[in-house]
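Residue numbers (our numbering), protein chains in the order written: chain A, 1 to 589; chain B, 1001 to 1264.
Calculated directly from the structure, the hints in this document are not laboratory data. If a hint is listed, it holds; no wrong ones were tucked in.
Subject to a maximum C-alpha distance of 25 Å in a straight line, what follows is the list of computed DSS-like cross-link-like pairs (lysine-lysine):
hint, chain 1, residue 1, chain 2, residue 2
1, A, Lys272, B, Lys1054
2, A, Lys298, B, Lys1054
3, B, Lys1149, A, Lys272
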Amino acid sequence: MRKILALLGALALVGFGALAQEYMVVPFGEGDWANLTVGKYGGYLVVGTWNNPKTFNHHIAQETSSTDITYRLHAGLTDVNPITDKVEPALAKSWEISEDGLTITFHLRQGLQWSDGEPFTADDVVFTFNGVIFNEDVRTDYRDVLLVEDQLPVCEKVDDYTVKFTLAAPFRPFLRQIGGAIYPAHKLKNLSRVYNPDADPEALNSVWGVDTPPEEIVGMGPFRLKEFIPDQLVVLERNPYYWKVDPQGNRLPYLDGIKFVIVGGADAEMLKFRNGELDVYAPRPEDLSTLIAEAEQKGFEVRIDETKPMFGTTWIVFNQDCPNEKLKEYFRMVEFRRAMAHLVDKQSIIDNVYMGLAVPQWSPVSILSPFYAPEVVAKYEYDPDAAAQLLDQIGLVDQNGDGWRDLPDGTTFEFELNTNVGNTIREQICQIFADDCAKVGIKANFNPINFNALVTKLLGSEYEAVLLGLTGSSEPNNGANVYRSCGGLHFWRYSECDDPRPMAQRIDELFDLGLKTYDFDEAYQYYAEFQKLFSESLDLIFTVNMVYRYALYKNLQNTADFSPLAGALGFSEYLWKENPNMVGNRVVG
Amino acid sequence: MRKALGVLLVLLLAAPAFAAMSAARLEEIATKDVIPEIQMAAGLALVDYYTANKTEAELEELATGGATEAIRTAATLALSRVWIGKDMEYRDLIELVNDPDQPAPLRAAAVDALLEFLIGKDDSTLETIYTLGRTAEMRYAGAKAYFFKNRSKFKLADLETICLDDANPDGYRKAAAELLAGNYLFPPTTAKSQGELEDQALNGENEYLRYAASQALFTLVVQSDLSEVDLLKKVTSFYLNEAFTEEYKDAYIRALAARWAAGL
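Isolated chain A, as found in the complex (with noise of 0.2 Å):
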C-alpha cells in the first residue's frame, strides 16, 4: 500500500484544559512566506463592494458579492496557499492516498472549535459532504467539480478525527477541489434529510439567508458575521477561535475584522478609495493616470504587472435556450456565433477601455494555468467583412433596406444585451461590441442592469445575450460547473443537460479524463483538446484579459505577495495595519 504523507506544516500545541489544540503554525519570513511578518491586532480591512449580498450560504452562493464575504467564514480540509497556488494542510493536517489512488484517508486537527465554541471533528466533515454537498436537495454547484466518471466520492467517518474518501477513479485535483466550506453538523443537521426524513428539502437551500441574525451563521473562517445592513455595510469580525497562529503563537487574524461597504458601483468606490475611506482598490485602466497622479499626496501606491493577465474569464454569450424561439434558432448556429465573435475588436477594447493593459483571451482557461494551451485554441479575429459573410450565409439579410438585417419573416433581427450596470469597463465593451454590430446590420440593443437581477436572469434563462465574467484558477476542473452538460453554470444551454451536443459529450469525457490521470502531460492533452473544442464552439465569446493591478494605502501590511492569485480578501487573515485606527489616510479611531 503506497502510503503518500502529505507536508504536516508545522503544529502547534497549545494545552487548554485536557486538550491539545493543533493550530496550524504560518511561518512568516520563512520560505514561501518570507515577505510576510509578525503583526499587530487591531484594525478593520474596509473594502467596497457593489452589491449587497443574496446570501450567507457559501454552498449556494454563486456570486461573487455573497462568495466574497462567505469565502471569509470558512475553512476546508485543504486549502490553496496564496502565495505559490500549491494544496496545503487546512482543517485537515494531514492524509494518505492509497496505492490505487482510490482511497484518501485525512487527519482532522484536534481540539479545534467552531466560530461559536462547539468542537470540531469528523462529523462535521461527514455531514458537509453526506448531507449537504454530495445531497441532491441542495442546489449546490460544488458538487460538480467532485464528480468522477458521474460519482460522488464516499465520505465516511473513521473516527473523530479522521474521515474516508473513497473515488470511483483516480482524481487528479481531488485534494484541491475536497477544500470546499466545512459546515457545522450541531446546526444544520437537522435541516438535511439526509439525516432528518422529515426535514424540508428546501431548508438548506434557504438557510442562512440574508436576514439571518449573525450569530447563528457558523464556521471554521478567520472571521464570522457581525453584521448587515442592506445597501450599506456587511461587517465580519474576527474569529476568536480560529485555529491558525503566527509564529509567536499569537492567534490570527490580526485584523478586528473587514468591512465590506456597499458603494453601488465603480465610480463611487473609485471616489471612496482616492478620499482615504477604503484600504485597497483594484482600478480600472481609466482609473489609473488619476491614481498614479496621487498616490504620492495621498499615501498609497499603484502596482501594475503586465506579465500577469488575471484569473477568469470575460464573454459574450447568447442564450441558446432564448424564450424567443427565433433568436434561439439563431444563437444556436455556430455560424451566427462566429459571426458575433468576428465583431469582437479584441485590440480596440485593450486600446480604448484597457489603455493597452489587456491581452486577448481565446480559451475557457486562465492563460496563467499550467494548462492553458494557445497553441490549439481557434482565435476569430476581429473580422466584419467575415462576420457579415457568415450572417449572409445562415439568411440575416436587410430585406427592406433600413440598414438593419431581418428574420425570414420580415421582421428586424435584434437582441437584448444586457451588463451590469456600474461596471464602465463591461459597458464600454457592450458599447463598442453593439457599435460593431451595426456596422454590419445586426441591432444589438444594450440595457446594463442592476448585478443581482443579471444574474438571475442568467441562470433563470432569461436573458438574450449578456457580456459577463467567470471567475478562475489555474485548475480546468474548477469550471467543470460551467462546462460539463449539467453543470450548475452551463447557462448557454441547460437543456443540454438532457441532450448534449456531440461535443458537450466530448467536453464531458475530457473532463472526466483529466481527472483520472495523474500524468501532467496526459491530463494537459485532454484539456488541450476542450479548448480547442470549446474555442471552436464559441458557446462563450471571449474578450480579453485585464493584466494586474492594484491600489492600496501604505498603511496595510504583509502586502508584497498580492497577486492575480490572491489580494486582500485572499491575504485578509495575514494582514495588519501599521497603524490600527486608520482606514486609508484616515485616522478614524
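For this one, chain A is given, so just place chain B on it according to the hints.
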C-alpha cells in the same frame, strides 16, 4: 543683499528642522518663517496632523482666520478631509458651496465632499453646474465631477485643447488640467519626463497647462532621490525669484511638504 539675508534667516530658523520635525515646529515655520514658500511647505505638511487632531470648529476658524496663508491652506485642506468622512447632507453642502456670502475657504473645503453626490448626476446637470454655478467653487465642483465621470473619454490632446481654450470656464479648465496631469504620468505612451514637466511648468502656454505639469512634476520629485535638504535649498531659492512660475514652485513646495509630513 535682502535675498541673502532671507536665506541666512531661513537657514537659521530651519536648522532645528534637520532634527526630527514636529507639528509644533511646522506650525512655527508656517507662521513665522521669512520665506512664504517655506511657510507654505510647512503648512501643507500639517494637513494630516490637523485632520487627526483638530476639531471641526478649530479648523473652520483656522481656515478663515489663520495667521498666514500657509495655516489657512492647511486648515482648509484638513477641513475638506474631515467633511468627506463626516457623511454630510447633500443639501447642506450645496448651500455652503453655492453661497457667495460663505467664506471662500469653507466653500473650497466642501468641494470634495460634494463630489460624491455630484458623480451621481447626469452630464447635462453637471454641465449646468460647471457653467452656471453661483460661485467659482460650485462651478469647479461640477467640472470635477464631470471629468471624473467621463475620464475615459478624454485623451491627452483633448485635455490640452480644453486647457488652452479661453472660452471654457475656469473651473472646467482647472478640472481638465487635473485629469491631464495624470495623463502626463500614465500610460507610458503619453508620459512626460521630469525635464519635460519642469519645462512645461515654467514655460507652458497658460496657467492650466503649467498647473497640469506641476501636478505631475510633484509625483516625480517626491519619488526622486532629492533629500529633504535638497528640497529645502530648492524651495529657499524661490524667495523673491521671479524666474520661477507659481506652478513650478508649487511642485517643489508640495514635495518638501511631503518629506516633512513623512517625518512627523
